[in-house]
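Single-letter residue listing:
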Amino acid sequence: AAGVIQSPRHLIKEKRETATLKCYPIPRHDTVYWYQQGPGQDPQFLISFYEKMQSDKGSIPDRFSAQQFSDYHSELNMSSLELGDSALYFCASSSRGSGGATDTQYFGPGTRLTVL
Amino acid sequence: AQKVTQAQTEISVVEKEDVTLDCVYETRDTTYYLFWYKQPPSGELVFLIRRNSFDEQNEISGRYSWNFQKSTSSFNFTITASQVVDSAVYFCALSEFNQAGTALIFGKGTTLSVSS
Numbered sequence: 002a003a004g005v006i007q008s009p010r011h012l013i014k015e016k017r018e019t020a021t022l023k024c025y026p027i028p029r030h031d032t033v034y035w036y037q038q039g040p041g042q043d044p045q046f047l048i049s050f051y052e053k054m055q056s057d058k059g060s061i062p063d064r065f066s067a068q069q070f071s072d073y074h075s076e077l078n079m080s081s082l083e084l085g086d087s088a089l090y091f092c093a094s095s096s097r098g099s100g101g102a103t104d105t106q107y108f109g110p111g112t113r114l115t116v117l
Numbered sequence: 692a693q694k695v696t697q698a699q700t701e702i703s704v705v706e707k708e709d710v711t712l713d714c715v716y717e718t719r720d721t722t723y724y725l726f727w728y729k730q731p732p733s734g735e736l737v738f739l740i741r742r743n744s745f746d747e748q749n750e751i752s753g754r755y756s757w758n759f760q761k762s763t764s765s766f767n768f769t770i771t772a773s774q775v776v777d778s779a780v781y782f783c784a785l786s787e788f789n790q791a792g793t794a795l796i797f798g799k800g801t802t803l804s805v806s807s
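Quick note, the sequences are listed as chains D and R, same order. For the first sequence, this note's numbering gives the first residue as 2, with consecutive numbering after it. For the second sequence, this note's numbering gives the first residue as 692, with consecutive numbering after it.
Don't take each hint at face value.
Unchecked claim - Capping the alpha-carbon separation at 20 Å, the derived lysine to any residue pairs in SDA-like fashion look like this:
(1) LYS799/R with GLY39/D
(2) LYS58/D with TYR723/R
(3) LYS729/R with THR105/D
(4) LYS694/R with SER60/D
(5) LYS694/R with GLU52/D
Unchecked claim - What the simulated footprint calls covered on chain D by chain R, stretch by stretch (three residues with Cβ under 8 Å from a Cβ of chain R suffice, anywhere in the stretch; the number is not a length):
(6) 46 to 52
(7) 108 to 114
Hints in this document: simulated from the structure, not taken from any laboratory. Glycine is no exception: its CB is placed at the ideal position from the N, C-alpha and C atoms.
Generate the whole structure from the sequences, applying the supplied hints.
If you want it as structure tokens, here you go:
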């Protein structure tokens with residue numbers, strides 16, 4: 002079965018540079034989520050989109066922005082990178098279940114961002 | 692507020708031992724969803740199970756079983772006859788019934804090491 006695709010898988014940037022992470026959800030999934038996982042930590046929710054509209058927002062820095070496009074893929078844009086942004090960034094997707102409940106989130110393999 | 696507590700930070704067992712991973716949650720909602728995810732050393736997050744708050748049936752899937760008890764706000768995970776391939780970080784997560792795109796709240800994770 003098709004899974005969530007994330008690119009690139011690894012990214013190395015210098016401080017103050019910008020980075021763009023891409024996410025391609027499972028076909029027919031309409032909701033995309035972004036999570037950040039620091040070393041030895043649990044994933045922290047950043048932001049989500051349903052049908053191309055921002056749905057929920059977590060602890061996403063103002064330096065970060067994201068959007069979901071008409072083909073449902075999503076991009077996370079990160080500017081003025083800091084050393085503390087080094088982490089594993091996950092994208093997840095889901096389809097809205099019956100009764101309006103959000104269904105299970107399936108995660109991509111992650112993008113490992115290293116800021117030097 | 693929502694909260695997930697996994698009190699066991701690390702567990703070490705020998706192959707073929709049974710092991711139970713504890714998860715306790717807090718939520719004010721009457722409708723919510725509980726999940727378990729596995730994160731092997733390769734880093735991806737693998738969905739294991741989802742349980743709705745209105746369904747307290749326990750579930751068994753091969754060597755895995757889950758015990759959901761609303762009275763104690765617990766959703767424990769048992770691996771029977773553990774194997775080396777079970778070595779991973781296991782996360783329990785909570786999602787409240789809300790709109791599409793609602794975030795998952797993760798516990799801190801339990802690192803399971805199975806030795807041969």
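If you test the structure against every hint from before, which numbers come out violated? 5
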